[in-house]
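Make a model of the complete structure from these sequences and hints.
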Amino acid sequence: MNNETLIIPGDVVAGSSLWKDAWRRLLKNRLAVFGMVVVLLVAVASILGPSIIKRTTGYAPDYIPRDAKLIRSFPPFKGPDGSFSWLHPMGTDNQGRDMLARVLQGGQISLMVGIIATIVSLLIGVAYGAVAGYLGGRLDNLMMRFVDILYSLPYIILVIVLLAMFRRNTPTGQLVLLFVALGSVSWLTMARIVRGQVLSLKNQEFVLAARATGVSTPRIIFRHIVPNTLGPVIVYATLTIPTVMLTEAFLSYLGFGVQPPLASWGSLATEGIQNIGIFPWQLIFPGVTMALTLFSLNFLGDGLRDALDPQMRKL
Amino acid sequence: MSVLPKMISFIIRRLIITIPTILVVITLTWGLIRLAPGNFYSGEKPIPKQIENNIREKYGLNKPWYVQYGKMMGHVVRLDFGNSLKYEGQSVNTIIAHSLPVSASIGISAYLLALLVGVALGSIAALKQNSKWDYASMTLAMLGISIPNFVLGPILVLVFSLTLYWFPPARWYGFPSRGVVLPVLTLSAIYMAYIARLTRAGMLEVLRSDYVRTARSKGLSERQVVIRHALRGGLMPVVSFTGPALAFLLTGTVVVERLFALPGLGNYFIQASLNRDEPLIIGIVAFIAITLLLMNLLVDIAYGYLDPRIRY
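Protein chains in written order, with the numbering used here: chain A, 1 to 315; chain B, 1 to 312.
Hints are not guaranteed to be accurate.
Take a look, some chain A residues computed to stay more than 10 Å from chain B by CB distance [said to hold, decoys possible]:
# : residue
1 : 140
2 : 184
3 : 216
4 : 270
Computed footprint of chain B on chain A; a stretch qualifies when at least three of its residues, placed anywhere within it, have a C-beta under 8 Å from a C-beta of chain B [to be verified]:
# : region
5 : 156–165
6 : 226–238
7 : 275–283
8 : 295–305
Don't read these hints as lab results, they were simulated from the structure.
Keep in mind that this is a model prediction, so the values were computed, not measured.
By construction, the Cβ of each residue, glycine as well, lies at the ideal position given by its N, Cα and C atoms.
Structure follows, in structure tokens:
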């Protein structure tokens, strides 16, 4: 464990072997590999699945059959005549829409919300933390006190008020509002982590060298210091995605999330809850798909943390 | 050197930060309500100008914003939030007084259950690290974190109410009653998971520490080492989780109260936000902010008692 920390500074070759080491450690962690495979499968299926289903069965995610006899909720693997059929592996919803196609399309939205909100939080958090940590002194004190105050706010309450008050009628408008709301509350931990990293980096030789050769402060922060904080940032970003997705699902459940005709796993599961007693598959398939994905993302994040930062493991 | 004056100055310093924070939360909430388009009286159909003017007159909406803000803050400072706009004739304080016991009884029981099960799972995992017990309880904990409570709740209802008929699927029957079993289980799952993970991490660190080695070398039995020494140090992360847990409890109760149709604070808060019932929103937000920040303060004080190394 110790020889790595001895090798890191400066050396390009040693730097690349750090990533290789981490990759090897990650591959040894069976749960993390399982998580990675599942996440990749779900992502690929969500992106390609709906169009494949449309091509093979004719069921686009929002396709409602013309035939009135088909507009009802069929159980999984059951055809209209009650016999076994491959047509709807997850059954259909109340309007006769194919659940599999809907769940996969919901995956697109859920993953997109998770990733974009995480990117928003990354951009704000990394910039904020790096500036505070590098400039230090009074400014740092002020900026971090602000983060402390935001931390202690019951922010979810504010998000609910924000979303309830500014509710958009257009699905895209609501989606953008969601990105802003989710991104703006999840950057705090990122800022703290980056600041901590920067504090330990800013007195190292390569920064002093950059400063001595007259590199400007913004350039030092963003070209020399920030790239060196990537390890913990990647780890934390991986763990932020499931948290954000869970929050989106929670907001969708309350009716503040993604608006129809768009659907996320959260809003699909919410629709399913109303029919839980009669058509349980309408809740179970989106719910289980979401839980499985979050489960895998969490394991992947844990594994990345162990692999990239053996020091953090004990925390 | 005595500890007490230091403790008091710590509390005073914290209150100096806490009170402005509460005011900021309330101001932000009020600002959001005011900046948003529309009004609590605006519906599908436009109302005649004269009526609208009368409404604005009655609720003081025609006054300049700083007068309205001052009036609202006056309510907050006196902790008397006025009357609800939607539930006519009911004061916000009455609504809070009626709905708080529902939320609190569910929330506290869920947290206690989570503590009991979570600490047990986490300790077993740490004491038998890398065994199948460890993997089983950590997988269980990860499941608890990954399954959204609004999916877990209906599944529990499907199994225990609609199939086995053990517990009622919804409604408030008072506390304690059969009706609270499923809401409490649903709510506690995620804390159980977090507490198990925190306990495991804390215990693993403490079990390797010097003072546990000393305790062992004194010849104490393994049981005494674990219960008297390791558990106390290992639970520190759990204690500091209490603050965030309370915030979680809030979002959790919102979902659980809606799922099981319980007349709690969370349910009223969502209704109030949708109805734009300003006094009720402000009242509940103020109440929650004050409770949360005071609880956080208590947690920090408790932390100092549990860990003698911490000084204020």
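Do the hints match the structure? See the list:
1. The claim that residue 140(A) is not at the interface with chain B holds, since no C-beta of that chain comes within 10 Å of its own (minimum 17 Å).
2. No beta-carbon of chain B is positioned within 10 Å of the beta-carbon of residue 184(A); the least distance is around 12 Å.
3. Once the 10 Å rule is applied to beta carbons, residue 216(A) is consistent with being away from chain B; the minimum gap is 35 Å.
4. The non-interface label for residue 270(A) is inconsistent with chain B: the shortest C-beta to C-beta separation is roughly 7 Å, within 10 Å.
5. Judged by the Cβ-Cβ criterion of 8 Å, the region 156–165 of chain A is covered by chain B as claimed, because 8 of its residues qualify and three suffice.
6. Note: the region 226–238 of chain A has 0 residues with beta-carbon separation from chain B under 8 Å; the three-residue rule is not met and the coverage is violated.
7. Here the region 275–283 of chain A counts 4 residues with a CB under 8 Å from a CB of chain B, which clears the bar of 3, and the coverage holds.
8. Three residues within the 8 Å Cβ limit are the bar, and the region 295–305 of chain A against chain B gives 3, so the coverage statement holds.
Hints 4, 6 from the earlier list are contradicted by this structure; the remaining hints agree with it.
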